[in-house]
Amino acid sequence: MRKAWSANSSKGQMRVIEAVMAAIIVITAVAFLYAFAATPSSQTYETGELEKIGHNVLHDIDEQRLLTRYVYNSEWANITAALIVSVPNDVYFNLTIYDVNGNSIGHPLIQYGSSQVFADSKAVASVTYIVSGYQTNYNPRILVLKLVRG
Amino acid sequence: MPGEAYDHLMAVVVLGAIFVTAVTVVPSLSYVNLFYLDQQQLRNIALSAMKTVLFDEGYPANWGSMSGLSQFNENDVKRFGLAVLSDPSFYVLDQDKVQRLGNNPMGNLSYQKMKSLLGLSGYDFSIVLRPLFNVKKSVSVVRPDDSTANINFKANVSRYDGQPVPNAIVWATIIYAVDDTSYMTYSLTVKNVTDSLGRSQGSQTVSVSGNAKIKDVIVIFKVTVADRSTIVVSSQDTNTPNDIALINAVGDNLVLTIPPNMPGSNDARWITNIQMYNFETSVSLLNGSGTGNDNMMNYGSLNVWSQSFPGLSSSDPGVLIFTFRTETLGPGGRTLAILVGPYAMWGNDGVLSYNAVPVSSGASASVQRDVIILGMAYVAELRLWKT
Numbered sequence: 752m753r754k755a756w757s758a759n760s761s762k763g764q765m766r767v768i769e770a771v772m773a774a775i776i777v778i779t780a781v782a783f784l785y786a787f788a789a790t791p792s793s794q795t796y797e798t799g800e801l802e803k804i805g806h807n808v809l810h811d812i813d814e815q816r817l818l819t820r821y822v823y824n825s826e827w828a829n830i831t832a833a834l835i836v837s838v839p840n841d842v843y844f845n846l847t848i849y850d851v852n853g854n855s856i857g858h859p860l861i862q863y864g865s866s867q868v869f870a871d872s873k874a875v876a877s878v879t880y881i882v883s884g885y886q887t888n889y890n891p892r893i894l895v896l897k898l899v900r901g
Numbered sequence: 024m025p026g027e028a029y030d031h032l033m034a035v036v037v038l039g040a041i042f043v044t045a046v047t048v049v050p051s052l053s054y055v056n057l058f059y060l061d062q063q064q065l066r067n068i069a070l071s072a073m074k075t076v077l078f079d080e081g082y083p084a085n086w087g088s089m090s091g092l093s094q095f096n097e098n099d100v101k102r103f104g105l106a107v108l109s110d111p112s113f114y115v116l117d118q119d120k121v122q123r124l125g126n127n128p129m130g131n132l133s134y135q136k137m138k139s140l141l142g143l144s145g146y147d148f149s150i151v152l153r154p155l156f157n158v159k160k161s162v163s164v165v166r167p168d169d170s171t172a173n174i175n176f177k178a179n180v181s182r183y184d185g186q187p188v189p190n191a192i193v194w195a196t197i198i199y200a201v202d203d204t205s206y207m208t209y210s211l212t213v214k215n216v217t218d219s220l221g222r223s224q225g226s227q228t229v230s231v232s233g234n235a236k237i238k239d240v241i242v243i244f245k246v247t248v249a250d251r252s253t254i255v256v257s258s259q260d261t262n263t264p265n266d267i268a269l270i271n272a273v274g275d276n277l278v279l280t281i282p283p284n285m286p287g288s289n290d291a292r293w294i295t296n297i298q299m300y301n302f303e304t305s306v307s308l309l310n311g312s313g314t315g316n317d318n319m320m321n322y323g324s325l326n327v328w329s330q331s332f333p334g335l336s337s338s339d340p341g342v343l344i345f346t347f348r349t350e351t352l353g354p355g356g357r358t359l360a361i362l363v364g365p366y367a368m369w370g371n372d373g374v375l376s377y378n379a380v381p382v383s384s385g386a387s388a389s390v391q392r393d394v395i396i397l398g399m400a401y402v403a404e405l406r407l408w409k410t
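So the protein lines, in turn, are chains H and U.
Read in order, the letters of the first sequence correspond to residues 752 to 901 in this note's numbering.
Read in order, the letters of the second sequence correspond to residues 24 to 410 in this note's numbering.
There may be inaccurate statements among the hints.
Computed cross-link-like contacts, BS3-like style, restricted to lysine-lysine with a CA-CA straight-line distance of at most 27 angstroms [what the hints assert, rightly or not]:
(1) H:K803 to H:K897
(2) H:K803 to U:K74
(3) H:K897 to U:K74
(4) U:K74 to U:K138
(5) U:K177 to U:K214
(6) U:K409 to U:K138
(7) U:K214 to U:K159
(8) U:K74 to U:K409
(9) U:K138 to H:K803
(10) H:K803 to H:K873
(11) H:K803 to U:K409
I should point out that these hints are in silico values taken from the structure, not numbers from a laboratory.
Fair warning: this is a prediction, and the values are worked out from it, not measured in the lab.
Using the sequences plus the hints, can you model the full thing?
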């Protein structure tokens with residue numbers, strides 16, 4: 752009788768240990784899955800949002816007929832100032848202007864934020880905006896605006 | 024047998040503890056993911072709502088001005104959007120629709136109605152329209168005598184993060200009403216450039232001859248950075264504009280109403296002059312005698328004044344300057360007062376806030392875009408959070 756009771760006790764203890772182990776395995780599996788089932792990196796969304804901001808700002812400056820004036824009259828300080836006051840506070844930018852052959856037109860650095868900000872950023876958005884010419888002169892320029900959040 | 028029962032009891036307790044722990048721990052393990060998901064969902068909804076607000080004309084397409092001189096009825100609006108009518112350009116907003124967001128004496132679109140039209144049940148949102156940059160201004164007027172006024176003004180220009188904006192051009196237009204044989208308003212403009220700390224200041228003395236007296240003085244600042252401009256109106260504190268009349272423009276019509284429940288609102292007031300001013304030219308729209316029933320407003324049957332000025336809305340009016348002959352709260356009897364309108368944004372440092380920004384630290388998403396209203400650049404910001 753004592754032997755049988757002892758055997759039952761051992762079985763019971765084993766079941767507890769089995770249950771604990773099973774639970775640990777299940778929890779570990781779930782935690783593991785959660786850890787790896789990460790949300791798609793927000794960088795994709797972030798880049799998309801920065802692209803929209805970049806296009807919006809260039810479009811609005813163009814809408815006010817200022818962008819072509821800045822570009823074709825080489826008003827580099829003005830284009831920098833206009834972009835600085837137009838982008839959100841935590842956004843930094845770098846603008847490069849190319850001719851139709853893809854060669855930079857050799858303007859001074861048009862940038863807000865240090866180079867380190869661009870180097871450290873995980874998400875850099877790039878917006879391409881084309882202006883066809885100024886007044887009656889057809890002479891396309893390609894504006895490439897890079898944006899990051901600081 | 025009792026030992027087995029104890030073992031099973033123990034197993035139940037241990038498993039229960041493990042279950043409770045799992046329920047507590049697992050969600051916290053995934054909290055960051057859930058937070059990102061929540062944020063992303065809010066951002067997507069905010070982007071979608073912002074797209075509707077900026078790119079949709081709404082229905083009827085002219086819902087901002089369709090009521091004409093009548094009271095605006097928000098139930099006539101079937102779809103919401105602020106885009107300007109029949110304009111292929113993006114990000115250009117209709118001033119008549121924007122005016123329906125603020126306190127408008129001719130009726131405005133309520134928050135609940137807009138929320139319903141945007142389909143944002145379960146969420147709350149705020150919309151803010153503000154100038155591209157922050158202009159802190161101050162004006163002081165010293166009057167050595169009735170015919171002279173020394174006006175000192177300052178304008179500090181910065182980004183909204185506090186960073187100063189140097190080389191901004193500040194146009195300060197001083198407008199002063201003169202009590203003479205007629206009641207006229209004169210203006211002069213002073214140009215300044217902000218220094219490296221974004222500061223500008225100036226002073227000007229204006230004087231009149233004979234028995235003429237300088238009454239109200241107001242300064243309007245127009246600030247441009249690389250020719251991107253914003254307007255800020257500064258008022259001398261001798262008059263509170265809303266005590267005199269509420270100004271509304273609907274298309275080519277100007278509608279003025281006497282504000283209810285204001286001190287002195289029973290007193291008669293006359294519109295003696297209306298000017299359209301765009302910092303380059305000034306066009307006089309109306310000259311009144313300031314006596315009798317000529318353009319008079321009064322509590323009761325004359326509490327609304329309206330007049331149509333064909334071509335007003337299409338001529339890019341800049342600002343409208345109204346001169347009133349009215350009672351003053353202090354001693355001295357009737358005086359002249361200047362009001363600038365019509366857009367609500369200009370009465371509050373150029374900022375129009377629609378619904379309050381959430382005060383809690385809960386998750387919210389914000390979308391910001393540059394927009395153009397009446398040729399001026401503004402920033403439109405939509406912030407969204409869960410109810």
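Results for each hint:
| no. | hint | in the structure |
| --- | --- | --- |
| 1 | H:K803 to H:K897 | holds, 12 angstroms |
| 2 | H:K803 to U:K74 | holds, 11 angstroms |
| 3 | H:K897 to U:K74 | holds, 23 angstroms |
| 4 | U:K74 to U:K138 | holds, 14 angstroms |
| 5 | U:K177 to U:K214 | holds, 12 angstroms |
| 6 | U:K409 to U:K138 | holds, 13 angstroms |
| 7 | U:K214 to U:K159 | holds, 17 angstroms |
| 8 | U:K74 to U:K409 | holds, 19 angstroms |
| 9 | U:K138 to H:K803 | holds, 24 angstroms |
| 10 | H:K803 to H:K873 | holds, 18 angstroms |
| 11 | H:K803 to U:K409 | holds, 24 angstroms |
Of the hints listed earlier, there is not a single one the structure fails to meet.
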